[in-house]
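Participant: Sequence:
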Amino acid sequence: MKYAPRLPRKFYRQDTLHVARHILGQRLVHLEAGGERLVGIISEAEAYVGSEDLACHARVGRTQRNATMWGEAGHAYVYFTYGMHWMLNLVTERAGYPAAVLLRAVIPAEGVERMRKRRVGRPDAQLTDGPAKLCQAFGVDRQFDGHDLCGPAAVLFIERGVMITDQSVTSGPRVGLNTVAEPWKSMPWRFCITRSFAKQLQEEIGS
DNA sequence: AGCACGATTAACT
DNA sequence: GTTAATCGTGCTC
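In terms of our numbering, the first sequence opens at residue 11 and continues consecutively.
If you are wondering where the hints come from, they were derived from the structure by calculation, not from laboratory data. Honestly, I wouldn't trust all of these hints.
Stated by the list, open to error - List time: in silico DSBU-like cross-link candidates among lysine-lysine, alpha-carbon distance up to 35 Å:
(1) K195 <-> K209
(2) K209 <-> K143
(3) K12 <-> K195
(4) K209 <-> K12
(5) K143 <-> K127
Said to hold, decoys possible - Simulated restraints on C-beta separations:
(6) G81 <-> E213: 23 to 31 Å
(7) M11 <-> Q74: 37 to 45 Å
(8) A77 <-> G216: 38 to 46 Å
(9) A163 <-> T73: 38 to 46 Å
(10) T91 <-> S206: 28 to 36 Å
(11) Q24 <-> T91: 23 to 31 Å
(12) K12 <-> S196: 42 to 50 Å
(13) E213 <-> P18: 15 to 23 Å
(14) A43 <-> G71: 15 to 23 Å
(15) A77 <-> G186: 36 to 44 Å
(16) R23 <-> D176: 21 to 29 Å
(17) E213 <-> Y13: 38 to 46 Å
(18) M11 <-> T73: 37 to 45 Å
Glycine is no exception: its CB is placed at the ideal position from the N, C-alpha and C atoms.
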């Protein structure tokens, strides 16, 4: 069995908005310790760009929690919020500049049984359709903060997937920024695959 | 040492 | 539509 190539570090070094837009259609992969291979096609992502962006964790400066965002591109920034949820981000741009892309949803493609086990009682459509849900389904938590997605030992990384044309992408304001000041609250830095194209992808996976 | 809150979710009305 | 759950984090005292 031959797998698609993994996205190289130079991909993550690009402008964060570009990465957020072009991560759509790529494949999030977790090679579990037990040998299981989990894959999801990325269908929604958001950009968080620098200390000036008042929605970005970097707004408070560098802390122990957000330090990974200041590091080299191509690493995972995983943080804990709301007392119970983990969030997975991909660090972007140059080292020393804090920016990342939040993965908000994927379409399950491989290892669905494992995801169902981690998300007991949920219908398949709700296995990975939220940033905390996909972390739960993929078993992503604190231990992956700082994980090198591009290193030879990576067990969490992004594989090349399908190209998504502009007509199959929507963008809009980021989600959950209730107390964030303008203009940051309304910047259209959230990117989604359209419903119809997502449906098409799901049918291809199912067949 | 104490406190308010969050890049959410699930279960309500 | 609203709200409780639940705790690490960063800020204040």
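Participant: If a hint holds in the structure, say so; if it does not, say that too.
Facilitator: Hint by hint, here is what the structure shows:
1. The hinted pair formed by K195 and K209 meets the criterion: a straight-line CA distance of about 29 Å does not exceed 35 Å.
2. With a C-alpha separation of about 19 Å, the suggested pairing of K209 with K143 holds against the 35 Å cut-off.
3. For a cut-off of 35 Å, the pair hint linking K12 to K195 is broken: about 43 Å separates their Cα positions.
4. A distance of roughly 26 Å separates the Cα atoms of K209 and K12; the hinted pair therefore holds under the 35 Å criterion.
5. Restraint check: the Cα-Cα separation between K143 and K127 comes to about 13 Å, which is no more than 35 Å; the hinted pair holds.
6. G81 and E213 have their C-beta atoms about 39 Å apart, which leaves the hinted 23 to 31 Å range violated.
7. Separation of M11 from Q74 is about 40 Å and conforms to the stated range, judged on CB atoms against 37 to 45 Å.
8. The hinted range of 38 to 46 Å is satisfied by A77 and G216, whose Cβ atoms lie roughly 41 Å apart.
9. Our hint of 38 to 46 Å for A163 and T73 is violated, since their Cβ atoms are close to 27 Å apart.
10. Checked against the given bound of 28 to 36 Å, the beta carbons of T91 and S206, roughly 32 Å apart, stay inside it.
11. Remark: the range hint 23 to 31 Å for Q24 to T91 is upheld by a beta-carbon distance near 27 Å.
12. For the hinted restraint 42 to 50 Å between K12 and S196, the CB-CB distance of approximately 44 Å keeps it satisfied.
13. Judged by the Cβ atoms, the range 15 to 23 Å given for E213 and P18 is violated: they are separated by roughly 30 Å.
14. Separated by about 35 Å at the C-beta atoms, A43 and G71 break the suggested range of 15 to 23 Å.
15. As the Cβ distance of A77 to G186 is approximately 22 Å, the hint placing it in 36 to 44 Å is violated.
16. Checking the proposed 21 to 29 Å range against R23 and D176 shows it holds: the Cβ atoms sit about 23 Å from each other.
17. Separated by about 22 Å at the C-beta atoms, E213 and Y13 break the suggested range of 38 to 46 Å.
18. Checked against the hint of 37 to 45 Å, the pair M11 and T73 passes, with Cβ atoms roughly 42 Å apart.
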